[in-house]
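Q: Each chain, written out:
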Amino acid sequence: MIEILTAAFANFLTRFLPFIFLRKYANRFLFLKDDFPVVLLTILTLYIIFPKNVEFQALSYQLIAILVTVVLHLTFKKALVSIFLGSFFYIFLLNYSL
Amino acid sequence: MNFKDAIRDTLPIFVSYFALSFSFGILATKEGLNPYLTILMSVIIYSGALQFLLIGIYSKLSLIDIFITSFLFNFRQLFYSLTFLDRYKNQFYKIFTLTDETFALLSKRKVNKDYEFYVSILNHFYWIIGTILGVVFASYVEFKLKGLDFVLVSLFVVILLENILKEKRVFPLFVGVFSYFLFYFLGVSNILIFSIFLSFIIILLKSKRSKSD
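Just so you know, the protein sequences line up as chains A and S, in that order.
Residue 30 in our numbering sits at position 30 of the first sequence, with consecutive numbering throughout.
Residue 159 in our numbering sits at position 159 of the second sequence, with consecutive numbering throughout.
These are computed hints drawn from the structure, not numbers from a lab.
These numbers come from a predicted model, not from an experiment.
Glycine residues also receive a C-beta, built at the ideal position from the N, C-alpha and C atoms.
Misleading hints may appear alongside valid ones.
[Unchecked claim] Derived list of chain A stretches under chain S, where covered just means 3 residues or more per stretch with a C-beta under 8 Å from a C-beta of chain S:
#, stretch
1, 9-20
2, 35-48
3, 62-71
4, 74-83
5, 91-97
[To be verified] Straight-line Cα separation of at most 20 Å, DMTMM-like style, residue types lysine to aspartate or glutamate; simulated pairs:
#, chain 1, residue 1, chain 2, residue 2
6, S, Lys208, A, Asp34
7, A, Lys77, S, Glu31
8, A, Lys33, S, Asp9
9, S, Lys60, A, Asp34
10, S, Lys94, S, Asp9
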C-alpha cells in the first residue's frame, strides 16, 4: 500500500510541479526532455531482461521476442499489434517449445 | 455536443487504453497484487507504463528508490503540464489526468473547457474500467500461462522505438546501455539508481557542452 502511495505521489509531482513552482524553475530541466525518456526506458528494459542471475534460455527467448516486436512495429507501426503479438510470441516460446 | 465529440475523438484511445489496462489488471492479479490495490493504482496513479513497472519493482525496491524511479520515469509529464500552464490554471482534475494520449489529443484542439473535461474523464474512465475487468477476469478464469509479464518488455520496446524513430537519434540508447552494463558488471547492488544517476550526469554534461559551442 505505502509503495503504491509513494509512486502515486511521485507521479503526481511530475504533473503538478510546473503549477506549484514557477515556469522559470521548471524550464531549467528542459535539457532532459529529448534524451532522458529514451535513456530511462533503455535502463528499465535492461533491468527486466538482465537481472542479477541471468537464465540463458529465458534471456534468449526474450531477445528473440524483442526482435519480433521491433520487426512488427517497423512493418505495421501499430503499437498494440506489436505489443500483443510480440508478447504472444514470447508466451508461445516459453510454454510450447522444446 | 461537446460530449459526443469527446466520445468520438477518444475512440482510438479507448481501444488502446482498454487493451492495456485489461492486461494490467490480469498481470497484477496473477502476480499476487491485491485486487483493490490494483484498481486503486489505476485511479490514483493513472499512468500505464509506470503501473506495469510497479508490478515488477514494488516488492523489490525501497520506498526512496520507488519514489526516484517513478518520478524520473514520468518526468516527461512535466513538459505536458508546462505546455498547458496557462490553459489549465487551477483545474486540478484536468492536470492530474494529463496523460500522453490526452495531451496528444488536446494539444491539437482549441481551448474548450467542457470538451477538455470530457476527454480527460472519458480516458480515465476507460483506464479504470479495463483494469477492473482485467482483475475480475483473472480472478474468475483459471489459466496458467507463463510469460504474461513480457507485455511490459514489449510495451517498453515499442515506446522506445517510437521515441527513437521520432527523434532520429540513438545517442540516448547508448547512454542507457552503457550506464546499465557498467554497474551490472561492477556488481553494484542498486543498479537502477546508479545507472539513472550516471546517465543524468552524462546528459547534463552534454547539454552544457552543446550550449557553449
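Q: So is the stretch 35-48 of chain A in contact with chain S by the C-beta rule, three or more residues under 8 Å, or is the coverage claim wrong?
A: holds (count 14)
Q: Are at least 3 residues of the stretch 9-20 of chain A within less than 8 Å of chain S when you compare beta carbons?
A: Three-residue rule met by the stretch 9-20 of chain A, so holds; n is 11.
Q: Holds or violated: S:Lys208 and A:Asp34, Cα atoms, limit 20 Å.
A: 14 Å, holds
Q: Take a quick look at whether A:Lys33 and S:Asp9 sit within 20 Å of each other, Cα to Cα.
A: 27 Å, violated
Q: When I compare C-beta atoms, does the stretch 74-83 of chain A have three or more residues closer than 8 Å to chain S?
A: holds (count 5)
Q: For the pair we were handed, S:Lys94 and S:Asp9, check the Cα-Cα distance against 20 Å.
A: Cα-Cα ~17 Å, so holds.
Q: Given the proposed pairing of A:Lys77 with S:Glu31, does the C-alpha separation stay at or below 20 Å?
A: Violated: A:Lys77 and S:Glu31 sit about 30 Å apart, past 20 Å.
Q: Within the assertion that chain S covers the stretch 91-97 of chain A, do at least three residues meet a Cβ-to-Cβ distance smaller than 8 Å?
A: Per the Cβ count (4), the hint holds.
Q: For a C-alpha distance cap of 20 Å, please report whether S:Lys60 and A:Asp34 respect it.
A: 29 Å, violated
Q: Take the stretch 62-71 of chain A, compare each residue's beta carbon with every beta carbon of chain S, and decide whether three or more fall closer than 8 Å.
A: holds (count 5)
Consistency note: the structure conflicts with the earlier hints numbered 7, 8, 9.
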